[in-house]
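Enquirer: So the chains spell out like this:
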Amino acid sequence: MSANIKSYPFPVLGNEDDLAGSFMPHMTYTLEPNKAIINCSFNLDNVTIENLISEGKAKFFIQAECSATFFRRTYSTSASETRIEIDSGDVRDRVTVSFYICAIEGITDYDPEGTHPDLAGETSDVEAGDVLAVGGIGWFMADKTFDPLKAPVSSFMKIKEGSPKSGPLTIEYDSDSILIVLSKDDFRNYKYARKYAVSSIHASLVFPALVDALHVMRAHKNEYSDSVWFGRIEQICLERKINIDEPIEAAQRLLGEPVMRALDELKKRISEDEDS
Amino acid sequence: MDESYQEIFTRSYTDFLREQLQKGIIIKDYLTPVVEYPADSKLQSTLAVSGEVPKLEYGANDDFDNAVKIFEYLRNLDKTQASDKRLWIYLSHVTFRDYTMNRWQLDYSEQDSMKLDEKRKAINYIAEHWFVSGNDRSMRRHSIARLWWAAYLTSAPWKNKPDYFQSLEHKDQYVYTRVLLSSQDIYLQILERGLGRSDEILITVLEFLRRNPEFSESRDNVRSLIKELNLALSYRKLSLLSYSNLYEAVSSAANTIAATI
Numbered sequence: 001m002s003a004n005i006k007s008y009p010f011p012v013l014g015n016e017d018d019l020a021g022s023f024m025p026h027m028t029y030t031l032e033p034n035k036a037i038i039n040c041s042f043n044l045d046n047v048t049i050e051n052l053i054s055e056g057k058a059k060f061f062i063q064a065e066c067s068a069t070f071f072r073r074t075y076s077t078s079a080s081e082t083r084i085e086i087d088s089g090d091v092r093d094r095v096t097v098s099f100y101i102c103a104i105e106g107i108t109d110y111d112p113e114g115t116h117p118d119l120a121g122e123t124s125d126v127e128a129g130d131v132l133a134v135g136g137i138g139w140f141m142a143d144k145t146f147d148p149l150k151a152p153v154s155s156f157m158k159i160k161e162g163s164p165k166s167g168p169l170t171i172e173y174d175s176d177s178i179l180i181v182l183s184k185d186d187f188r189n190y191k192y193a194r195k196y197a198v199s200s201i202h203a204s205l206v207f208p209a210l211v212d213a214l215h216v217m218r219a220h221k222n223e224y225s226d227s228v229w230f231g232r233i234e235q236i237c238l239e240r241k242i243n244i245d246e247p248i249e250a251a252q253r254l255l256g257e258p259v260m261r262a263l264d265e266l267k268k269r270i271s272e273d274e275d276s
Numbered sequence: 001m002d003e004s005y006q007e008i009f010t011r012s013y014t015d016f017l018r019e020q021l022q023k024g025i026i027i028k029d030y031l032t033p034v035v036e037y038p039a040d041s042k043l044q045s046t047l048a049v050s051g052e053v054p055k056l057e058y059g060a061n062d063d064f065d066n067a068v069k070i071f072e073y074l075r076n077l078d079k080t081q082a083s084d085k086r087l088w089i090y091l092s093h094v095t096f097r098d099y100t101m102n103r104w105q106l107d108y109s110e111q112d113s114m115k116l117d118e119k120r121k122a123i124n125y126i127a128e129h130w131f132v133s134g135n136d137r138s139m140r141r142h143s144i145a146r147l148w149w150a151a152y153l154t155s156a157p158w159k160n161k162p163d164y165f166q167s168l169e170h171k172d173q174y175v176y177t178r179v180l181l182s183s184q185d186i187y188l189q190i191l192e193r194g195l196g197r198s199d200e201i202l203i204t205v206l207e208f209l210r211r212n213p214e215f216s217e218s219r220d221n222v223r224s225l226i227k228e229l230n231l232a233l234s235y236r237k238l239s240l241l242s243y244s245n246l247y248e249a250v251s252s253a254a255n256t257i258a259a260t261i
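Those protein sequence lines, which keep their order, are chains L and C. The first sequence begins at 1 in the working numbering and counts up one residue at a time. The second sequence begins at 1 in the working numbering and counts up one residue at a time.
Rather than coming from a laboratory, the hints here were simulated on the basis of the structure. Owing to the predicted nature of the structure, the values given are computational and were not obtained by experimental measurement. Be aware that one or more of the hints could be misleading.
To be verified - Reference excerpt, derived from the structure (chain C facing chain L, CB under 8 Å, subset only):
#1 Asp15
#2 Asp78
#3 Ser83
#4 Arg197
#5 Ser198
#6 Asn245
Backbone N, C-alpha and C define an ideal beta-carbon position, used for all residues, glycine too.
Isolated chain L (complex conformation):
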């Protein structure tokens, strides 16, 4: 789970080293025909906050959000495991799920155990709704036809013919898929070559485009994070434990070692030519 560091008015567990201990949510999801089901479990290690939950003064808080459908729903529980159901008609594409522990009533003189020495010594009055712990953000694609463990490259990238007769390829990021746009001449050759040399195409066209896309994902996250292609690549990387911050390595893993496959393909072609 990723987490944002913020400046809170009092020490918050999970926000840098404000508080000793940990709050680690775990999330799995399944997509059924009419609903998405999210199963959550929480590992909490901080005596003060554990006590507040058992006393009914704080709760685990889950916020599911979908920017495509103006959907934001919140769920709260005192149990260390919970199941959430979201109607399929409420969400599409990327759904983010954030985890917190929040006060559900005012708490005076809040002075949690394990406060960092820089912040210790001062108590705070906490109000209902205030965040006491942050557990990061998970996400999934509410797309029943998309399986991140089996997803082909075509689920996030397409090659198409552009207008110029000749010239360099361009990459476009404004559609649901990343578009590799080839000139008319190149596209004609590509259509022929893809029948015989898929691995070479992966290495020469798709691999560099994907490296570029991974750089774009890191540098322009705010601009593209709602795009279908962005969510799908992110989801595939999450499921396959691929690190997006290493674009060259990540792209090779996503494409299944395209350079090695292309060289192998070339070697076979050359030896076939020599044999004939």
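Starting from the structure of chain L, add chain C where the hints point.
Expert: What follows is chain C alone, placed relative to chain L:
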């Protein structure tokens, strides 16, 4: 009531149109009342629409009436259908082309086509009001989607969430749509900042503005209130509060603002 099925563009055609626009090839089409789109660019959806296509007025002051007309015409939409770019792009380009052209008039001339900056400005303006890209930010700007979503998010909250909003029941189901669309600034401030995703916060803020017309008449007041609530949301989950506590939190923030501005 007569029912028919809504036509939409194909996905590939919406991509094609957007691509043509980005290249600046079709800017002038957006100054033309009638454009013929090829038969294979359209397909019939399973979305049933009720009655005749409503006639929309062009003024910004007509937004509320237009929102109700669009919402009732497309009353069978669910949230996933209402985030389908093929539908909205078709509606702005075909069904409500005349409205879109007049409500979001493009300031572009033959001379502008020679100036790169002006051309880019026109492309962005058209992309904003005639196209959606699949997120709620783009739907807040689209000529038709913005009206439907405004009504959808605010109509009869006491029916959609009776446990929370029962006390707000009103004879006018669009009482909060009216407040939201009472000025462009209220609409943009509230929905642009993502408050529209939380019905608890959205409706409570609109109820506060409805009850306090003097406060809501000031653009600075509304802007400061929404900014303050957004800031509070980063460390306080306001939707955990009961309606009365949330209303009190909104009032308290507003009172502080009114006292300082």
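Enquirer: Indicate, hint by hint, whether the structure satisfies it.
Expert: Here's how the hints hold up against the structure:
Here the hint on Asp15 (chain C) is kept, as its CB sits about 5 Å from the closest CB of chain L, short of 8 Å. Interface restraint check for Asp78 (chain C): the shortest CB-CB distance to chain L comes to about 4 Å, inside 8 Å, so the restraint holds. For Ser83 (chain C), the suggested interface contact is upheld, since its CB lies about 4 Å from the closest CB of chain L, less than 8 Å. For Arg197 (chain C), the suggested interface contact is upheld, since its CB lies about 4 Å from the closest CB of chain L, less than 8 Å.
Here the hint on Ser198 (chain C) is kept, as its CB sits about 5 Å from the closest CB of chain L, short of 8 Å. Evaluation of the Asn245 (chain C) hint against chain L yields a held restraint, the C-beta minimum of about 6 Å falling below 8 Å.
Hint compliance for this structure: no hint is broken.
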